[in-house]
Amino acid sequence: MSFISYLINGVSLGSVYAIIALGYTMVYGIAKMLNFAHGDVIMVGGFVVFTIVSSLGLPPVLGIVAAVAICTVLGMIIERVAYKPLRNAASPLAVLITAIGVSYLLQNIALLLFGANTKSFTSIVSIPPLKLAEGKLMISGETIVTIISGIIIMVCLTLFVNRTKAGQAMLAVSEDKGAAQLMGINVNGTIALTFAIGSALAAVAGMLLCSSYPSLTPYTGAMPGIKAFVAAVFGGIGSIPGAMIGGILLGIIEILGKAYISSQMADAIVFAVLIIVLLVKPAGILGKNIQEKV
Amino acid sequence: MKKYHKIISSVMASAMAVALFAGCGNAADNGNAQADDNAAPAENAADSSNAGAENAETGGETAATENNAGGVIKIGGVGPTTGSAAVYGLAVQNAAQLAVDEINANGGINGVQIEFKFEDDECDPEKSVNAYNTLKDWGMQMLVGSVTSGCSVAVAEKTAEDNMFQLTPSGSSVDCVKYDNAFRVCFSDPNQGMASAKYIGENAIASTVAIIYDSSDIYSSGIYEKFAAEAANQPFEIVSAEAFTADSKTDFSVQLQKAKDAGAELVFLPIYYTEASLILSQASTLGYAPIFFGCDGLDGILNVENFDTSLAEGVMLLTPFAADAEDELTKNFVAAYKEKFGDTPNQFAADAYDAVYAIKAAGEKAGITPDMDMSAICDAMKAAMPQITLDGLTGTGMTWDVSGEPNKEPKAVKITNGVYTAM
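Chains as they are written, first to last, in my numbering: chain X, 11 to 304; chain Z, 7 to 429.
In isolation and in its complexed conformation, chain X is listed as follows (with noise of 0.2 Å):
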């Protein structure tokens, strides 16, 4: 039974560290950029949401709306300022170096405005925990929900980079950035697109993480965003199911490593096994192989 208690718990994690890979992964894919802000970005979406439903004391409703609208603002700010003027910068160390600095930025901003004190996250969502096996088995709200959206999410992303023009656009500026502006693709406007929703994912993951595991600080994102990049890889980074499987396994295979093999060693583990799978697939999970042609 406690074993079906921590696959569950597993899940619930992963999901998270999925959601927030996913945001990575397109990013990287399209931009071809870590953004190692982005996990900064999920701690602005947690502090927005707190911001509105516990300090303020408003629906949690309108917390969720405006914690998606202000990081997808903030994401496409973050890429039009630090990020856009470096694209063509002779070293591609250069944007990742910015990315650093957005990362601490952000921190820094967090903590003079909210304070380097712990807040306790009231959580955004109300349903019920599910008892199952008379109350031996317990499956929290927060875990449905984060499962739920986790899948939705991905079933949404799909869609929209298969069945749309805009996602068409994002494929080929992934595969071709200069052949695509010949096309008339509008490539920086795709990037810029890219990053609303992967600052709008990135929104979303704040108000599940914190709502799972109800503690905000200004550096809330930052692990949490290195685990996802993590996740990102295992799955093969630029992949979206990818990230969803990727995320699921290293939530699943952190607890359950913490469980039964050593709890002081469940990163050990963790990287252990992205350490191996890279080894065997370098591409990671569900990254394609490709060639450069010269």
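Treat the hints as calculated values from the structure; they're not laboratory data. Quick caveat: nothing in here was measured; it's all calculated off a predicted structure. There's no promise every hint is true.
[Claimed, not checked] Some chain Z residues flagged as far from chain X (calculated, every beta-carbon gap over 10 Å): (1) E163; (2) A234; (3) I394.
[As the list claims (entries may be wrong)] Straight-line distance between alpha carbons at most 27 Å, and here's what the computed DSS-like set of lysine-lysine pairs gives: (4) X:K146 / Z:K266; (5) Z:K255 / X:K141; (6) X:K141 / Z:K266.
[Said to hold, decoys possible] Derived contacts from chain X toward chain Z, CB cut-off under 7 Å, selection only: (7) K129; (8) M148; (9) K268; (10) I271.
Glycine included, C-beta positions come from ideal geometry on N, C-alpha and C.
Starting from the known structure of chain X, fit chain Z onto it as the hints suggest.
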């Protein structure tokens, strides 16, 4: 069009940069504001320092009779005023400043005014050493700090090298006071672990105990080890001991599930309150309601913004200070602290307040004067510390060993109706 874009982006980039620096500016302003409180006595002291210089040379005894004679004694403080442990650093900064202001208003140490300056270390050992060096350049003669264990250990290496007197209010790991120039106000981690095990055993609070600790943290693992060792002598059994690390401290479902499956009546949490607040809420989701027992790191859990304090109902913790205690000293301190900083002081504040008064007591015993250099002051203070007895906020009749450890009674409190009540 291109040019226009460039202008916009550079304007926005500079706006972001300004926002960043605005943060620094504010922090610096706060620092100045606090320094200003002291500026007046410091200037007085400086003005009269020429006149008093000769007096000072004749010795501390003479100086003691004349107010503001012979410069100021410079005490530095180091601790995290930003970052994840900022609650502790700010409490120490505020309370130490409060104690310094009180002492200055009552004539200072041996009649000499104290100047106090606090530097932020963001709870990072490297930055802590930098902060220490900054204070040394400023002319610090004694150090109150650092606030957290890791930083205190790092700074202790430097103070031992320089022979600077160091009194940490709250650095509780063993190594914080391994050199003879370093003392502390709080209990050491092992002492807390041992005291907790004894408390649980002697009061027969539970017969089966689970532990959840942070194996990546020196404070938490230090308490855990001593607790586990002492548990062997106590009438309770440890049924599960699970760890977490700094990198995975959001999900505690596994640790709680194991404690629940093992049938633990009490869960011992030798950890900080941020993680503890998560553990309490996850335990409630899991439908698991054991007794939770923690150490001083749990102090602050009721101040977590928006935290549902009903979750903390019945939590017990070993802490030297309860803000609702009825004695005169605590009442005055809490009232003064509230008035000045608008917040209820926690035990870190109490430790810092006691630290400054311990320095005053030892300084008076040793007859220190502002013209002594830090090494001479340190030698005098080292000899004086084991001789003083202090009735402070964190214990009455506190004394110190040559090893730097304080001797005082451990106290435990229980959270009832959202406040600490003495047990």
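Quick rundown of the hints versus the structure:
1. E163: holds (26 Å)
2. A234: holds (14 Å)
3. I394: With a cut-off of 10 Å, Z:I394 remains clear of chain X, as the shortest Cβ separation is near 34 Å.
4. X:K146 / Z:K266: Distance of about 11 Å is within 27 Å: holds.
5. Z:K255 / X:K141: Within the cut-off at roughly 26 Å; holds.
6. X:K141 / Z:K266: Answer holds: X:K141 to Z:K266 is near 17 Å, not above 27 Å.
7. K129: holds (4 Å)
8. M148: Holds - the Cβ of X:M148 comes within 7 Å of chain Z, reaching about 6 Å at its closest.
9. K268: holds (4 Å)
10. I271: violated (11 Å)
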